[in-house]
Amino acid sequence: MLNIRNLHARIDGKNILKGINLEIKAGEVHAIMGPNGSGKSTLASVLAGRKEYEVTEGSVDFLGKDLLDLSPEARAGEGLFLAFQYPIEIPGLSTTNFIKTAVNEVRKYRGENALDAVGFLRLMKEKMAIMNIDQSLLSRSLNEGFSGGEKKRNEIFQMAMLQPRFAILDETDSGLDIDAIRIVANGVNKLRNKDNAVLVVTHYQRLLDYIVPDFVHVLYNGRIVKSGTKELALELEERGYDFIRSENHIGEEVK
Amino acid sequence: MNTKEYFKEQFEQSNVQDRNNLLDVVRRQAFDTFSKLGIPGAKHEEWKYTRISGLFNKEYSFGVNLTQDPLTQADIDAIRLPGHESANELIFINGRFSAQLSIVRSSQLIVLPLEEAARGEYRQLVEKHLGHSSKYQKDGINALNTAFVQAGIFICVEKGQVPDHPVFIYNVADAKAVNVLSQPRTLVCIGEAAQVQIVETFSTLGSQESFTNQVMEIIVEKDAFVEYYKIQNDKANAHQVSTTHIRQIGKSHTHAVTISLNGGMVRNNLNVVLEAAHCEAHLYGLYFQQGSGHIDNHTVVDNVEPNCLSFELYKGIMDDASTGVFNGKIFVQPQAQKTNAYQSNKNVLLSREASVNTKPQLEIFADDVKCSHGCTVGQLDEEGLFYLRSRGIPEKRAWSLLLQGFTMDILEKIKSPAIRTYVDGLIAERLEFRSHGQQEID
Amino acid sequence: MNSDLYLPAANDRNDEPGIIERTVLNEYKYGFVTDIEADEAPKGLDENIIRFISAKKNEPEWMLEWRLKAFRHWLKMEEPTWANVSYTPINYQDIIYYSAPKQKVNPANLDEIDPELRRTFEKLGISLDEQKRLSGVAVDAVVDSVSIGTTFKKQLAELGIIFCSMSEAIREHPELIKKHLGSVVPITDNFFAALNAAVFTDGSFCYIPKGVRSPMELSTYFRINAENTGQFERTLIVAEEGSYVSYLEGCTAPMRDENQLHAAVVELITMDNAEIKYSTVQNWYPGDKEGVGGIYNFVTKRGICKGVNSKISWTQVETGSSITWKYPSVILKGDNSVGEFYSVAVTNNYQQADTGTKMMHLGKNTKSRIVSKGISAGFSNNSYRGLVHVSKGATNARNFSQCDSLLLGDKCGAHTFPYIEVKNNTAMVEHEATTSKIGEDQIFYCNQRGIDNETAVALIINGFAKEVMNQLPMEFAVEAQKLLAISLEGSVG
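Protein chains in written order, with my numbering: chain A, 4 to 258; chain B, -13 to 428; chain C, 1491 to 1983.
No lab work stands behind these hints, which were simulated from the structure alone.
Treat the hints with care, as some may be off.
Unchecked claim - List time: in silico SDA-like cross-link candidates among lysine to any residue, alpha-carbon distance up to 20 Å:
| no. | chain 1 | residue 1 | chain 2 | residue 2 |
| --- | --- | --- | --- | --- |
| 1 | C | K1779 | C | Y1577 |
| 2 | C | K1882 | B | G277 |
| 3 | B | K124 | C | T1571 |
| 4 | C | K1956 | A | T99 |
| 5 | C | K1882 | B | S278 |
| 6 | B | K29 | C | T1571 |
| 7 | B | K34 | C | S1881 |
| 8 | A | K103 | C | N1952 |
| 9 | B | K34 | C | P1570 |
| 10 | B | K356 | A | S144 |
| 11 | C | K1956 | A | R143 |
| 12 | C | K1882 | B | E339 |
| 13 | B | K34 | C | N1574 |
| 14 | B | K29 | C | T1678 |
| 15 | B | K356 | C | E1922 |
| 16 | C | K1956 | A | S142 |
| 17 | B | K121 | C | N1574 |
| 18 | C | K1566 | C | Y1582 |
| 19 | B | K34 | C | A1573 |
| 20 | C | K1854 | B | G364 |
| 21 | C | K1848 | B | E31 |
| 22 | C | K1857 | B | G364 |
| 23 | B | K124 | C | N1574 |
| 24 | C | K1857 | B | T362 |
| 25 | C | K1956 | A | E92 |
| 26 | C | K1882 | B | T362 |
| 27 | B | K356 | C | K1901 |
| 28 | C | K1848 | B | G360 |
| 29 | C | K1901 | B | Q323 |
| 30 | C | K1854 | B | S337 |
| 31 | B | K356 | C | E1930 |
| 32 | C | K1848 | B | T362 |
Claimed, not checked - Derived coverage of chain A by chain C (criterion: at least 3 residues anywhere in the stretch with Cβ under 8 Å from a Cβ of chain C; other residues may be distant):
| no. | stretch |
| --- | --- |
| 33 | 45 to 53 |
| 34 | 72 to 86 |
| 35 | 97 to 104 |
| 36 | 107 to 120 |
All values derive from a computational prediction rather than experimental measurement.
The beta-carbon is built from N, C-alpha and C at its ideal position, and this holds for glycine as well.
Next comes chain A alone, as it looks inside the complex (with noise of 0.2 Å):
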């Protein structure tokens, strides 16, 4: 489904990916792991397609299309989606005209009529349950005055919402106490199924307990140092991201 060839990418002038390998193929879950600063939002932008983030080499191919040279909103309509780490405001356009729009827009691009005002609602219903959210919710500007967890909660009512075949979870456990991480994981999990794929980037295990990972990579300064099972995001936890330092001996290469 997604092949990350090389990719290297760098902001202001910054190298920060400095050649990322990895493949994801449908049915799977992959976590990314690594301490602040090691490449883990970079990588959820570039895929998204944020413009600050140059691609300085390395290819990606996504369904058989080449991804970076896709505008952010056909990636979305190719079925790329990306829970934002800091979900943004937008003060007066209501959470609902935002995601009827974009589940339009979406249609579109894949060549789909758009939803009439009942099919919209008849779906939105539905996904609603799935992520126990609430209607006032959605109609106040969108995000603005959330709480965090709304706001998260927001992120994976949209996933439901535009059913991508390909999520990136950018730290959608940070900032989130235990049973709010429970509830946004357990409308991932309801999401998935053997056609889509999702990306999870987390600096920590617990997320792992709810989501659990087939394939759990470690970046380390812009470079996929180890790959194993979900048993290496545990024993990260209990070891520290040191104990991968002295393994691959880069420490030198950081600060």
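Model the placement of chains B and C on the given structure of chain A, informed by the hints.
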């Protein structure tokens, strides 16, 4: 009196001729400006609600004409602020600095007559900064002060110095015998990483009319920190235009609190010019007026460079037939991206005769900014009153408590315990003796 | 911030014009000129011109006297300079003060309107054919100095509603005009109002009798066509006790390199329990992308809630004009009366707008609400200037004001000048203002959800302006939304 003619005469007499004397040059320029602009009238947008031109219908003695008996130590003792025992005390009498009465206790503090500073090693600083406030106060009253700069002072805290005592500045007007016009002038330079606390107050002696037209310009360099308090609690015959102009020329911090409790017609100008990135400025004000008092606070925060933060809160209580005016401007210049500027003005009207005119103003030329302002005019919360009374607190006492609560978030910004206790006391006393226990409601 | 940053990644990679370029290419679509012969006064302004206008319109002597009085007063006045706008001085002797398309004056029925003019209005999307009109809107069509026809007059007359051109009203309903004209905006009120009183040429008059709710929206469509002319129209709406009317106003002008002056006066009067809802979509030619040409729109609009429990509501969507100077106001005289002002003002390129409202609280328990949304793009400047005045007798007055500004790009400016004067201690006045920007973060978030730049901008703008747009009558709202999107197309993205 024909104001322009009168001041022209006075100016000629003071013999401002020396082209090599920096102050003479500055004064002559300012006098030309004054001649053009005159005393601002109601047509001047910045003076729409505060009409001082009428005050100049009277004759005032000022400057060289002053012929009263010198003030005694007892006169001065009567107006001293609490905590003065461990403060540097700088005293102006009728606008002229009195070295004799003043006491400089901190070795880290340099105080010089402005004339001397303009001639000596600080000449460049004086040349660069004296009169900068005229860029923001485009009116004849500011020019009038500069035109008659006499016996002003220069205060300097050198790089890295932190005076061990605060600086108290007393502006005293002796109006025992005649109407008096005082025009104190101060230039303060706070060097890199220096820090100073300034407390300024105004006192009028006697019952003749007093008009004080004061200008203080403060220059704040990199990593410096200035705390400035203005305490106004003068008599009804004491009118003033008091301009405080703060230039933050390096990444620095300003904390300014203006407390206006009594006086005749009082106009404050507080300008903070943020000329370096990452400056921070906090402006607070409390005005509580009675009788026919008139208090006008004009503030300007000019964001010139990016990433500055300013926070401003002014609160007013207008009682009896008093009038409150607030005008707060926030400018965000084109290069001042990532400016965060907040401003709020809250007013309570306690009497049917009281009024408030408020004009918060945002002028924004940069796009990546977060600015907000808000203002309210209203009454104290009836629900709150009821709540207090239902707990057994008598109505009058309940009003006092609510008003005290209203003033609290300004008073707690006074960092000097002595001054804070002093202002707290003034307000408590006022609440105690208020002519009526509650606000009047039709 | 470099505006290039707003360009989407896709645009970085090919040679398609960016949205910014595309906006610039986007032409003002009402900029055509109708080729029709005009009956014009010579350029310039003196008492003879005023006599000429008055004679052209067969006005009674009292009207001429009224005009001359205004003119003599105007001569003594100075052009105001306090607004936050700048322009080269207007030469008042270089303007044609009367220009009328040559057609039969006051056609007895709509069929007699010159076909060329009829086509002009078709092109603007306004049908003067009653059969073709969507029911619910009566139109008075004004070209340059004169009204060329008013639809649905007959149906309205059956209810006692008078809806006609101002010229006709002066001739046919002199008592009403004498009583009300200039009673809200006196001839001495301000420089442009005095000028208007001296030289106004037409406009609309509406009179809603006691107890009548107008069954349809009344509207006037103003069109400047001739060159070198100024348009000076005057509108007067009187709502008698217990009546209601919703009135709409629209305007466009050809694209020309020279600036043209539009100085209108609108007066609204509501008696006890009456309500007037006045909506404007102002789309005068804004000038080109370099700021050349465009209309100077200097307008005095004021309503008075004379009666108790009466209400006046102004809604405006301002996208046109090179300079706008306009403060629709309400004098809240009657006890319990309500004034509202909802405004969206958009400025792009080199446009300048200084607009806002005055709410004068005189009566007891009077309420006002101000919602102003300013959007600035390009090199434009957008100012909100408002006054909330609570007089001594206005016990329990309430006001809430919300003024928000949105900045797109870093060459534009947003300014707010709210004046608040409170002379009664039972008043509650609240003002809130915010300034923010649409930045790449918001756009990227929308992109990531599959929404392209232009849709994203339209969504955000409409969300920002929604409180005001909701106030517009249905058929106007759709048009106005499109207009907003067009005016700002490509400013962000």
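Looking back at the numbered hints, which does the structure fail to meet, lowest number first?
No numbers; nothing is violated.
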